[in-house]
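Chemist: Top line first, the protein sequences correspond to chains P and A.
Residues in the first sequence are numbered consecutively from 1, following my numbering.
Residues in the second sequence are numbered consecutively from 1001, following my numbering.
Any given hint could be a false lead.
Which bits of chain A does chain P cover? Going by a derived footprint, with three or more residues having C-beta under 8 Å, they are [stated by the list, open to error]:
| no. | region |
| --- | --- |
| 1 | 1146 to 1155 |
| 2 | 1212 to 1218 |
| 3 | 1324 to 1331 |
| 4 | 1392 to 1402 |
A short, non-exhaustive set of chain A residues, derived as facing chain P with CB atoms under 10 Å [what the hints assert, rightly or not]:
| no. | residue |
| --- | --- |
| 5 | A1082 |
| 6 | A1099 |
| 7 | G1100 |
| 8 | V1160 |
| 9 | E1163 |
| 10 | L1165 |
| 11 | T1169 |
| 12 | T1306 |
In silico EDC-like links for lysine to aspartate or glutamate, alpha-carbon gap of 16 Å or less [to be verified]:
| no. | chain 1 | residue 1 | chain 2 | residue 2 |
| --- | --- | --- | --- | --- |
| 13 | P | K110 | P | E133 |
| 14 | A | K1098 | A | E1006 |
| 15 | A | K1135 | P | E133 |
| 16 | A | K1135 | P | D103 |
| 17 | A | K1381 | A | D1296 |
| 18 | A | K1240 | A | D1027 |
Rather than coming from a laboratory, the hints here were simulated on the basis of the structure.
Please read these numbers as outputs of a predicted model, since none were measured by experiment.
C-beta: ideal position from N, C-alpha, C; glycine also.
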Amino acid sequence: MTSTDAPAQVPLVDYLVLGDDPHLLAYECASCGARYFDRRNACAACFDTEFTRVRIPSEGVVRTFTIVAYAAPGIPVPFVSAVVDCDGTSVRGNLINVEADPDHVRLGMKVRLATYSLGTDDNGTEAIGFGFEPVES
Amino acid sequence: MSASDEIWILGINMTKFGKHPDLDVVDLGAEAIMGALADAGMTMRDVGILAAGNLMGGGGIGQQLQKQVGQTGIPVFNVSNACATGATALRTAIMAVKAGEVDVGLAVGVEKLAGAGLLGGGGKSKSDENVWEPKGRYGAVAPTDGRIGTDTMPGVFAQVGMEYLNDHTYGGEPFELFAKISQKNHSHSTLNPLAAYTKEMSLEQIMGDIMIAYPNTRPMCSANCDGAAAAVVVNGEKLKTLSLEQQRRAVKVSASVLTTDPWQEACQILPDVNTLTRNAAKQAYEQAGVGPDDLDLVELHDCFATAELVHYDNLMLCEEGGAVDFFESGAPWRDGRLPVNVSGGLQSKGHPISATGIANIWEVCQHVRGEGGPRQIEGAKVGLAHVIGLGSACGIHVLEKSAA
Ligand SMILES: [Zn+2]
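Work out the full structure, taking the sequences as your base and the hints as a guide.
Modeler: Here is the structure:
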């Protein structure tokens, strides 16, 4: 067993792939192409039962957002919740690395996937979350 | 259509919405049932089926209510369909009457919500042991609500409204637009003594109130409160055997529809409250043989100011994409072309979840019966009541004045 200086990392959710090129994965229906972030017994759109894993494009545009001021305990507020259109696949996530106010967040803004640390547990494992940050134009 | 296929609301009642610290959920439901039976001129002896809705209680509300108002051994259906629970109870009673199994059905919805905080969301925090451990369907090491978007209702519905503005390239100021919708409903409820809130609110007050989830401030969110509503339905054959006065006051249910959302690309990312509403509206207009232009008033599910806007379009009260113009024309104000939520809506009348789907119908019945008092929409003959339960379920009923 080799020891490394970098702490072990675990993604916030299993559809976030970490490493040098962090990205999201979906289950894609082999028949109609519908995409899901969790497992399905059959496609909700066409009932086919074959799925493949596909990579979601990491850039997209903000289709809608809200700035949440009251949230569950432990969630820093305000934060921006958004739906991002990643080249035809809708993805849910927070907007990060941006001021959480209506002057800095707008419909149609270009964003890209970004990761951040959620902290380290007692075993030294670091959890990594994702969000979308503005792409400077 | 033969008389046995026709469905009529014979009696209907809603309690005062608001805080009822001295009444429990059974007291409230029983009050609505007794009121609806009295309005119908019937007793529990006449009723063949009870459909009952309640979400926040311990379950079995129908049987608890029977013990309070009359146990006759009839079948009880306890139903649960989020905010569409009341409409689902009514739909269940209507299906039983329509199927010919019973002549008289009773539906009730009741909720105790006063003082309830933010609904939806509320993920569990990490356990005491500080170890990231993947759990659940997404293998999440921490609650996703708030970390991957929001599950809170004000935030979800804020996104629903903002999505509409994005899809229709709105160039104005979203916050003010949605606040004005709320201003309308808070103004309407000043004429409704059963509303939880009856105070007029200025645009400045609404926009200056506590921000919950941009662009929804507190008065732009549905008001958590206590309340109940109940309705007695009969078929046309039964109605013919009743008094002329009962026939005159009976309200025809010319459409009763319940839908869920068909698959849409983004519907599992952000709930799609649009497609199932539009589908329900199409079915309802076809069943009733009326169109949006025939409506004299609409009670729609304005659980948030941002939701009301999209349903103008979904219910086809305006041309597709024209919801902002429809609102800005003044049409949905009570003196406008097509009054929407003259009760004050969920934002001001209040939203005791399971009661809402019958209370909306009660409001429309008041007007088509000509019993709306100071808020009567003059000459109202046809109205539509709409509810959405997130997840989703959509109930639409079209109500018409009796010809008797
Ligand atoms: Zn498919």
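Chemist: Hints first: check each against the structure and report whether it holds.
Modeler: Going through the hints against the structure:
1. 1146 to 1155: holds (count 8)
2. 1212 to 1218: Coverage by chain P holds here, the residue count being 5 at a Cβ distance below 8 Å.
3. 1324 to 1331: With 0 residues close enough to chain P, the hint is violated.
4. 1392 to 1402: violated (count 0)
5. A1082: violated, 19 Å
6. A1099: violated, 29 Å
7. G1100: Given a least distance of 34 Å, the restraint on G1100/A is violated.
8. V1160: With a minimum Cβ separation of about 8 Å from chain P (threshold 10 Å), the hint on V1160/A holds.
9. E1163: holds, 4 Å
10. L1165: holds, 7 Å
11. T1169: holds, 9 Å
12. T1306: holds, 9 Å
13. K110/P <-> E133/P: Within the cut-off at roughly 8 Å; holds.
14. K1098/A <-> E1006/A: holds, 8 Å
15. K1135/A <-> E133/P: violated, 27 Å
16. K1135/A <-> D103/P: violated, 37 Å
17. K1381/A <-> D1296/A: Distance of about 7 Å is within 16 Å: holds.
18. K1240/A <-> D1027/A: Violated. K1240/A to D1027/A sits at ~33 Å, over the 16 Å cutoff.
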